[in-house]
Structures are given as structure tokens and as C-alpha cells.
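Student: Heads up: the protein sequence lines correspond to chains A and B, in order.
First residue of the first sequence? That's -1 in this note's numbering, and the numbers climb one at a time after it.
First residue of the second sequence? That's -1 in this note's numbering, and the numbers climb one at a time after it.
It should be emphasised that the hints constitute simulated quantities derived from the structure, not laboratory data.
Check each hint, because a few of them may be wrong.
For chains that are exact copies, the list does not tell them apart, and a pair is met inside one copy or across any two.
Quick list of in silico lysine-lysine cross-link-like pairs, DSS-like style, CA-CA up to 30 angstroms [as the list claims (entries may be wrong)]:
hint : residue 1 : residue 2
1    : K660      : K458
2    : K424      : K231
3    : K293      : K528
4    : K623      : K613
5    : K660      : K620
6    : K142      : K61
There are 2 protein chains.
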Amino acid sequence: MKKTFILSLVLTAVGTVFAQKEPLHPGYPIDPVPFTSVKVTDHFWGQRLKTSREVTIPLAFRKSEETGRIKNFEKAAHPSEDYKVEGFSFDDTDIYKTIEGASYSLQTYPDKRLEKYIDSILAIVATAQEPDGYLYTARTMNPKHPHDWAGKERWVAVENLSHEFYNLGHMIEGAIAHYQATGKRNFLDIAIKYADCVCRAIGNAPEQKRLVPGHQIAEMALVKLYLVTGDRKYLDQAKFFLDARGYTGRKDAYSQAHKPVIEQDEAVGHAVRAVYMYSGMADVAAITGDSSYIKAIDRIWDNIVSKKMYITGGIGARHQGEAFGDNYELPNLSAYCETCAAIGSVYMNYRLFLLHGDAKYFDVLERTLYNGLISGVSLDGGSFFYPNPLASDGGYSRKPWFGCACCPSNISRFIPSLPGYVYAVKDRQVYVNLFLSNRAELKVNDKKVVLEQETSYPWKGDIRLKVLQGNQPFGMNVRIPGWVRGSVLPSDLYAYADHQQPAYRVMVNGQEVEGELHNGYLTIDRKWKKNDVVEIHFDMLPRLVKANEKVAADRGRVAVERGPVVYCAEWPDNDFNVHTLLMNRRPELRVVERPELLYGLNQIVTDAQALSYDKAGKLAVKDVKLTLIPYYAWAHRGEGDMEVWLPMEVNATSAQPQKGVKWKDNGFFNNK
Amino acid sequence: MKKTFILSLVLTAVGTVFAQKEPLHPGYPIDPVPFTSVKVTDHFWGQRLKTSREVTIPLAFRKSEETGRIKNFEKAAHPSEDYKVEGFSFDDTDIYKTIEGASYSLQTYPDKRLEKYIDSILAIVATAQEPDGYLYTARTMNPKHPHDWAGKERWVAVENLSHEFYNLGHMIEGAIAHYQATGKRNFLDIAIKYADCVCRAIGNAPEQKRLVPGHQIAEMALVKLYLVTGDRKYLDQAKFFLDARGYTGRKDAYSQAHKPVIEQDEAVGHAVRAVYMYSGMADVAAITGDSSYIKAIDRIWDNIVSKKMYITGGIGARHQGEAFGDNYELPNLSAYCETCAAIGSVYMNYRLFLLHGDAKYFDVLERTLYNGLISGVSLDGGSFFYPNPLASDGGYSRKPWFGCACCPSNISRFIPSLPGYVYAVKDRQVYVNLFLSNRAELKVNDKKVVLEQETSYPWKGDIRLKVLQGNQPFGMNVRIPGWVRGSVLPSDLYAYADHQQPAYRVMVNGQEVEGELHNGYLTIDRKWKKNDVVEIHFDMLPRLVKANEKVAADRGRVAVERGPVVYCAEWPDNDFNVHTLLMNRRPELRVVERPELLYGLNQIVTDAQALSYDKAGKLAVKDVKLTLIPYYAWAHRGEGDMEVWLPMEVNATSAQPQKGVKWKDNGFFNNK
């Protein structure tokens, strides 16, 4: 099964591999345990998976119909100069991405009606494909007057707005998922045909055009297509797309084309494009062993986690260009933190774990997962954030769909893949990376190991891991999360208050396990036998976090975390304006269980103060009870004020003033 | 007298002009009324002039002796390889500048003993001059091992650290003052000889070196020397120094050599060098009529007053390079605001008034004068600030001297020249620019006009201007200050609270004068006769000022002004830490006269709050009485806390916290 390691990153490992032209490279040193091998029985994640299946995916298909995204393929089958090509040049991908998510769902929850529905869509998609494989409805439906972004001819605008390669990338990802899930080639054949069309047209040969994707993703996808088909040209094409970058027409930082990829060392430009590219670099490097790729993505990862990542795991600070900001540019109210960028960050961190075997990548991944990623979809699965800001003045809420629908369709494909991130295996070492109730089947030394996790994580810090099958010696590597080890992120970007170091304890069959951590893991190497029980305990103290002083937006402020969950102050839980809050300098943080609230969560409560101005224009201080909820749970009860970073220094507050001095209006005063 | 207009900027108009080779250009369109024609009878400025005469100038001579500055000339007369050349390469100028100040003093207060002392020093200075005129003790005393900054040979380091031209500039300024005051040529001949040496060595001719001053001032000085001697070569040399700038070896912004002077449009680099250069450009432009110079300094002036000037008139935000900061970079605690830069700003603004006849330049000049300039010297004339910050955490006080003594010696020469800034004349128009008790003799239409001002300005807003002589028609142009007209500076950098617009009233012989202001002046054009009385009244409301929101350091803060005086909160007047202050949003500002305090001043008092933390780490708010004193008067009662910009928004306060949360020390937290 070694050959499908990369494939199984987001897919099942049960895929059939085509006739191979040459032996496939073994890929990443660590093997994922695919999501199909992990049956989630968890309350927290079970609810998310259920809404994904029952709400998000059906919604995405329905919206694709309602908004003409499926109609576009029908139009492309019968081109006309009368068609006005509207929407976005990448609207096709929402179909591909939703089919990808639906395919994962089908593997776990077979559904003949859904499978038939997908086939009916694919029949329409097939009709839109031009004879040579080109499939891009934004041009094909009206070649004389294609989409404004498509360019007059094929490819000419692909480095800018055209998205012809971006569409290919999502098509391949969707097609492989569909093939793996159903065994049917109807989508895969379409994707291969389009991939071949691109491989013919684009490359280094004299008759080819030397162009790279304006929006990356084809790199990752083509590596997967190589692993599914065994055809090396797809790997070569992925490598070409990476290596030609910075040498072709477009050379700007927006799409990471400002310099050759192996020379890059700072995360810049459009955040989603960036992390998709870094993930593609990891994939190619895992197969080709190209250390210059790995050095570059290691440098860039250091830059992100030490200077450009929000405490929620969110990345991409700027609305302008949907881009990474400068180092330490992490505004809260205007934080962009696109949901797609959080998903891409998970892709990148997972790949770096598979390369390096260090738990620090999972610390970033877990932080992203529980905070800045799932905040992107409502608890009922039916509405979405595009940006995920860390503060709100009201007027911001999740929406059921967007004109640019990348985030909902990315949620559609990501959430069902989540169980695939729980375990991994390298030789005789098993990695336990995430904590959620599940039952999983692993292969260790080609022998089956069945594990059962039981936990109320992230609300409680006790995890019971039982060996249901697996009479053999192997190492069980339990990740001790960064937040237990005193590290908010693997960097000095954030720090915990130093008297609040929680502890952990691991027991096997009631006997405490001692031992140093290696790369963030506690290794229990023993001859396991059926019914062995590993009990893991993490202290779940609510804790204060402070940002590096270089982060201007967070100066004088603290954030509150408990376990992997970042908290926020939202208006429905508090009888004062949360923007007027002042934290006590030594707050006592109390945990309150609220199983009835928002599918069940823990609140954190503390005594604090609220600042306001009295009628005479003097400051008034009021004692208040501050109630915090998990960040991901905000904006489910109407629009209103929210803050993640809570003022602990007076000079960080924004006590909303009443009337005061009137200033001469020179046009520059921010009159309050 | 037209030919000495420029000369009389800082000199008497009584100077004898040498045999002229060609007719002198008339110079500035407006004629100054020189300080020798204005006898100050004022309490406020009389005290400053007295301490300048009795304390500052004698102190500067004594320190020059004690610190070896005079000894350096003796050493240069008898060079030796044994001399270790220490101090600064411009120490000679402290002598020149103090002689300049002493000369002004001699003109108003003849003092034979002082005159004789100066002669004795000049005898020593003369011995240090090399046969060809070169006078630079930092090299001459030990030509083989000159001062580290002097360069191995003459001139080679003059664009960097050598100051050979800078010394020439101050020498000329001092020599002309001495010549004007005493009629003696002993200093002037030395200066001419050195000027000729420089004119021979430096220029565009093939045998000459093409070099410009690293530190400007020779430009202004050489124009004066042209006007005194009538020898055009000095004017040409001044113009060469300006026009060659940006084309020679050094091309950095530090000394304004980053581009040709006429292309410059932003004030950058070392602030003193900058304003000296802009003043020199104005001087050359006034004579040559070169409009490209004028356009450049107009642009630069706009940049300064709209983006780079403190409310005190201080300029040069950065300690690093003693330099202008970026636009809106105006930190308070670390404000540099060198005393010399304030003096140079007065030079520049005065020249722009003489060119353009607009009162806005006097608004800047007056603001600088009453605040950021006189703060540079203690009320007793015996100690000095080099930087003039707008906030203090303690540990900062005036010192009796500095290794780099430019500021004390500049104060020595500036203060006695102050009466020369009160009036000006253009044809039949008289300008009344400053308000202080004095008696002045003016020439209008070649006929004598004698005016008498009586006022308690800046403490009271009533000025009585009496015509003692002058039976003729002329225009009396009374400057209505910017602070009366609602303009803090001629820009939108600062603004007054809009309900506090003060009024003014002008009466002639008891009859109110109506009329529009022109360029900030109220013109009373009538046939004047002896004993006519002009009564001017300015409302003297204490007023709140807010900075443009782009000035980060002042956000959420207000400053308090009354008349031309900026106030500050200093520790001795307040029973709470002034850094913990929070202003009431609608403060009532009351004026308290304190004739016994610090030579007499008005305080401003208001109710306010002070913020602190209680033992439980919670914010505590205390009602306090806030007492403000004029900014110039701070640091006379020991070292301690001071603030000009007072928090009015909670988020601008710095309530000093008691103990709170302890943070993991990552090396970047500013633990309080």
C-alpha cells in the first residue's frame, strides 16, 4: 500500500492503482491512516461530520444548481455567442469540490441516490469537455466572448485571472476521490483527458507554452494523478509548474512568483495560493527527495508560525489581495483569515508532519482545526464565513453561500476527510495525533491493529485508548500537545502566563508511564495485547495568552485558551459591551459546562470590569461578570460585538465614550 | 539701508558696508527692523535677555576656557605631534557663536570689559590661522595626527565629519556680528581670509575641489559676507555649495544630499543641517530671484508644518541621526527636538515671512519661540536641553554644558537677537509680528516712526501700541495669531476643539477697527499721528488641541494651550503620577496666576482622574486636581514625570499597573 501514501492524505487507501509504467516512489516516510479506517464515534466531531453529510454537501449541490454553476456545463456543451459569461472563472470547481466531499461521504455512508445524482452531474460535465480534453466552461460556452477573466485565447490569462489550471487541479482531486469511492471512471477519465490536454500544451518544449498556474493547486493534484495512474508525466508537470514559477510572465508576490520557489523564505501574497503551493512542494519533494524544496518550505513554515499566524491558526491578515501581511501584522477586527487558507494550512502542516515526524506540525494543525477552520462553518453546517476575524463590531455573520464560493465547497470536501488526520504509522511506530472518540484499524508490520479512543475532548482532558486487536510489539507515540508543553505555537509569537503550566499523565493498564518526550511524543514501546488500556490525562486549566509585543494589535491584551480551544467574549453572554472590557490583572478563570448551549460547550467565566463614561464625561468603572465561549461558536445567535484579545492594560481598552469635546473637522479625525 | 536686509536678520542695520564692486541686490521684499532698533521693556522677554547677558554668555566663555576650546587655538599656533586632538571637530565654533551673542549684547549694553575680553580671545584665534587663511584647530594643532573626524588632508572629510566649512560659517556669522557691534575688523579679517582660502580651494574650476559642506551653515554666512563686503564671489560660493549638493561625493539624505536641492520636497535627515540649508536657499533666492529655490523650500515647509512638527514647534523626531522622522512620526518620550533645530526653524520661517509676507510663518515662529526653543535654556540662563522631549519618565534635566556644545552656544547667539523679530517694514507697510513690551524706532518712507508696545503677553491678551512719533500715513499690519484664528499650525496636523474659538478686537483711539484679514494681518491704513493708540485684545481661553489621527503617539490624547503657550503636566504640581492621568472628556480649564512661581507664569487647573490598580489587580479610578504649567517651564524643580499630550481616551492612558500575571519570558515581553 506504500504507493498511495500521498493519495491517502485526503482519500481512501483502498484505491485501485492503474497499470504502472515504472515503480512508484514510496513517498512520505510516514504513512497516514486514511479516514476510511477511522470510524468516528465522537460527540464533538460526530456532530460536524453529520451536518457535513446532511446539510453542507446537499446545500452545496443545491446552490450550484440554483446559481447556474451546473447550467454552465450545459451551455458549454452547446456554445453560443448569445451567452453572457458571468460569475467567476472558477465556478466549475465548486461542483468538483462538492463531488469530492460527497465521494468521501459515500465511502463511509453509502447512498445510492447521492451516487446517482453525482453521475447525472458528471454526465453534464462530460458534455462540456472539448474534443481535445479542454474543460473550462468560462470559455467553451462562448469562445468569442469568454469570461472577462478567461483571456481571448486558451491559457493567455492563466497566470492572472483565468484559473484554467486551478480548475484542472480541483477536477483531478474530485475525480480521484470519486474514483476511489465508487470505482467508477466517469469523472477520472474526464480529468485525465483534461490533464493530458494541459500536459501537451504547457511545458518547456519549443512547441509548448511556458506558463504556471496563477492560482496553485494543480501541483498537489497532479502528484495524486501520478500516484493513481503511475504515469510520470503528471509528476513532471507538477514539478514543471513549481520550477518554472518566477521565470515566466508573472513575477509578483501575489501569486508567489516573485522568485524561484526554492529561494523563497517568507510567506507572502495570496494566502490560499501560498499554502497550496507549499503543500505541492512537499508532495513533489516526498517523491523526488528534492531537499531544496524541503528547505524552502521549512523556512517559510518558520516564518508563518513565528510571525504571521493568528492564535486561532488563521493565516492571511489582509483583505487586500487576500494576502499574508508583513511580519507581525496581525490585526483583529480586519483579520482576513480565509477559511480556505486555514484548510490549506492543515494540508501544509500535515505534509510537514509526514516528512519530519514532529508533533509541532500537529500543534499548528490542531490549533487551526479547533478554532480558525471550523469557525468557517456554522454548527448546523448551513452557513459559512469567508474571512474569520478575531473581533467584531457587529454586522458580520455567516452566509449560506457566496458569489465566490470557494470556502463553502472547501468545507464540503475538508470536513468529511477529518478522520484521516487522527493516526499515522511509520514502520512499527503508531502516532496518535488527535484526540476524539473513534475506532480505527491500522496496519503495523502488515498486521492489523484495532484501537478504540474514548474521550470528551476538547471539553475534558481524559482520553482512554484501548487496544482491541494487535498482539505484537510496537511503539505507541502519544502526542503531548503544545498547549500542555507550554508552547502556544512552535515559536515565540505567543506565550502563556508562566504560573499556569498544566501537567499530563499517561498510564498503561493503570501503571504510569515515565519518559522523555521526543519531538513532542511520549513513546510507549511494548508488546501490546488485546484489551490493553492507555489512559491519557491532560490538565485542562483555562490559560492566559499574550502576544509578542511586536504584534501591535494585541498589545496590552490577553487571550484565553483551554485545551486546544481559543475563547472569545461575545455579546449574547455578557450584559455589557465587550469592547469596554478590562480584565483583572490576576483573573480567576472558572469553567462552566453548558451541554445545552450550541451543541454543548464549556464557557469560561471570570470577574472583570467594564469601562464607560458618565454624563459628566468622567470614566466610570463597573464590576462585571465576563463569560467567554469558544471562538468557533461565535456568531450563532445574531450579529454583535466579539473580541478574542481582551484588554488587560487600560491603554488597550476601547471604552466607548459618550459625548465629549467636539473637534474641528479637518477630515482626519475619527470622531467618536 | 536696503542692501543690508539680509544682514540685519540677525545683525544690526548700522553696519558699515565695504567698497562695493557692483550694486547689491535689494534682497528680501520685506525689511526687518533690526534688534538694535527695538528696546525691550518686557517682563517675560526682558528676563530672558537679562539672563542671556548675565549668565549664558559668560557661562559659555567660561566653559570654552575650562574645556580647552580656547586652548585649542593656542595649540594650533604652535603645532606639535604630541597633541592629542580631542573633543569635537567643530569645538572652535562655540567660541565664534559666543562672540556672536556677546556682540549683540554689546550693541545694546556696551561693556568695555567684555569687548576687551573678546579682543583677547580673537588675538589667540588669529594665531591659529595658517598663512593661507585655513583655520581649523582640529587639524592645524597636529597636522600629522589631526582629529579623527578631520581627514588626513584638508577637505577630504568635509562632506562627512570634518566640519571645515561649518566652522567657516559660524566664524563668518560671529565675525560680522562683532564687526557690526564694535566697528573692529580683527575678527572679520580672519573670517575673510578663511573664506578666501575656501573660495580658492573649492568650486567648479578644474584646479578646485568639488565639495559641499557636510553640515550646512556656510551658505547663509557667505551671503551675509557678500552683503557686508560687496564681493560677489561669496554669493557665488554660497550658490555653488547649494547647487553642487547631490552631485558630489556624498549623496545621502542625512545631510540632504540625496538629490539636488531644488528637487527636494520632504524634510529629511539631520534637522539642524536641513533648516540651515533651507535658510541659505531662501537667502540666495532673495538675491538671485531663483524661483526654483523658493518652490523647493515652500514644498519642504509644507511638509514640515503638515507632517513633521511637534506642537511645541520642535522638529527632528529621531535621536538616530538627529533627524526628521517619517511623515507623522512624532513620538513624545523619545522626541529629539534639538534646541538648535528650533533655532534653525526660526531662521527658516523668518526668511519665508520676508519672502512671502504671510503671517503663517510667524505663527510657526511664535509657537517655536514660546515653547520648543526657550525650553532649551533654563529660566536662569545657566543650563540647557539638547533634546526637548514632550514627555519624561524622569531622569532628564538641563545640563550646564555638553561635550557637543552646539545648543548652549546657539542659545547664546539667538536670545540676544530676539528683539529683531518683532517688527518689519515693506514700503509704507509696518508689520507688528510679535507681542512684547518695547519701544522701537522704524523707518517708513525714510521717515522715523517710533512705536511703543505695552503688554503682559503671553499671560494676558491685551496689547497697547502707541505711536510716539510718525506723523504720516502708513499701514499698520497687526498679526492676528493663528491660535486666535483657529489654526494651531498652518496645516491640518493639529486642531482645536471647535467650541473654543477665541475672538480678537482691535481699536484705534477707542474706535473698533473692522476689516478682513489679509495673509493673517489686520491692516490699519491711516494717517497716523503722535499719541495714536492701538489697543489689541486676544481672548486667552485655555484650549484643547488634538493631533491628526495619523500621529500614533498622540492618539486619544489632548494637549492644552493658552495663547501662544503650550502647557504640560509635571510632577511637582500634581499629587499623582501624571502618566496615570485621564482627562475628563469635557474638562473645564481654569487659569491660575502664579506671579511667584518660576519668574511668574499662569497655571491651568482642571478636574481629572488618575487610574491605578488595586491590590486585587482591578482598576481603581481616583478624582484628582490636575495642574498644568507652561511647557518651557518644566524641569526646573528636579527630575520627574512630565507629559504634554494628556490621555482623554482610556486607551491612551498608561495607568501604571501593580503586579499582575507573570508571563513566560521569551525575551520580547515588555514586563511591567
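Student: Measure nothing new, just compare the shortest in-copy and cross-copy C-alpha distances for K660 and K458 to 30 angstroms and report within, between, both or neither.
Tutor: Only across copies: K660 and K458 sit 26 angstroms apart there, 52 angstroms inside one copy, limit 30 angstroms.
Student: Within a copy, between copies, both or neither: where do K660 and K620 come within 30 angstroms Cα-Cα?
Tutor: Cα proximity of K660 and K620: in one copy and across copies (26 angstroms, 25 angstroms).
Student: Regarding K623 and K613, is the shortest C-alpha distance of 30 angstroms or less found within a copy, between copies, in both, or in neither?
Tutor: Both: 24 angstroms inside a chain and 19 angstroms across chains, each within 30 angstroms.
Student: With 30 angstroms as the alpha-carbon cut-off, assign the pair K424 and K231 to within, between, both or neither.
Tutor: Classified as within; 28 angstroms inside a copy, 87 angstroms across copies.
Student: Is it within a copy, between copies, both, or neither that the alpha carbon of K142 lies no farther than 30 angstroms from that of K61?
Tutor: Answer is within; shortest intra-copy Cα gap is 28 angstroms, inter-copy 87 angstroms.
Student: Pop the pair K293 and K528 into one bin, within, between, both or neither, using alpha-carbon distances up to 30 angstroms.
Tutor: Neither. Shortest intra-copy (42 angstroms) and inter-copy (90 angstroms) distances fail the 30 angstroms Cα cut-off.
Consistency note: the structure conflicts with earlier hint 3 alone.
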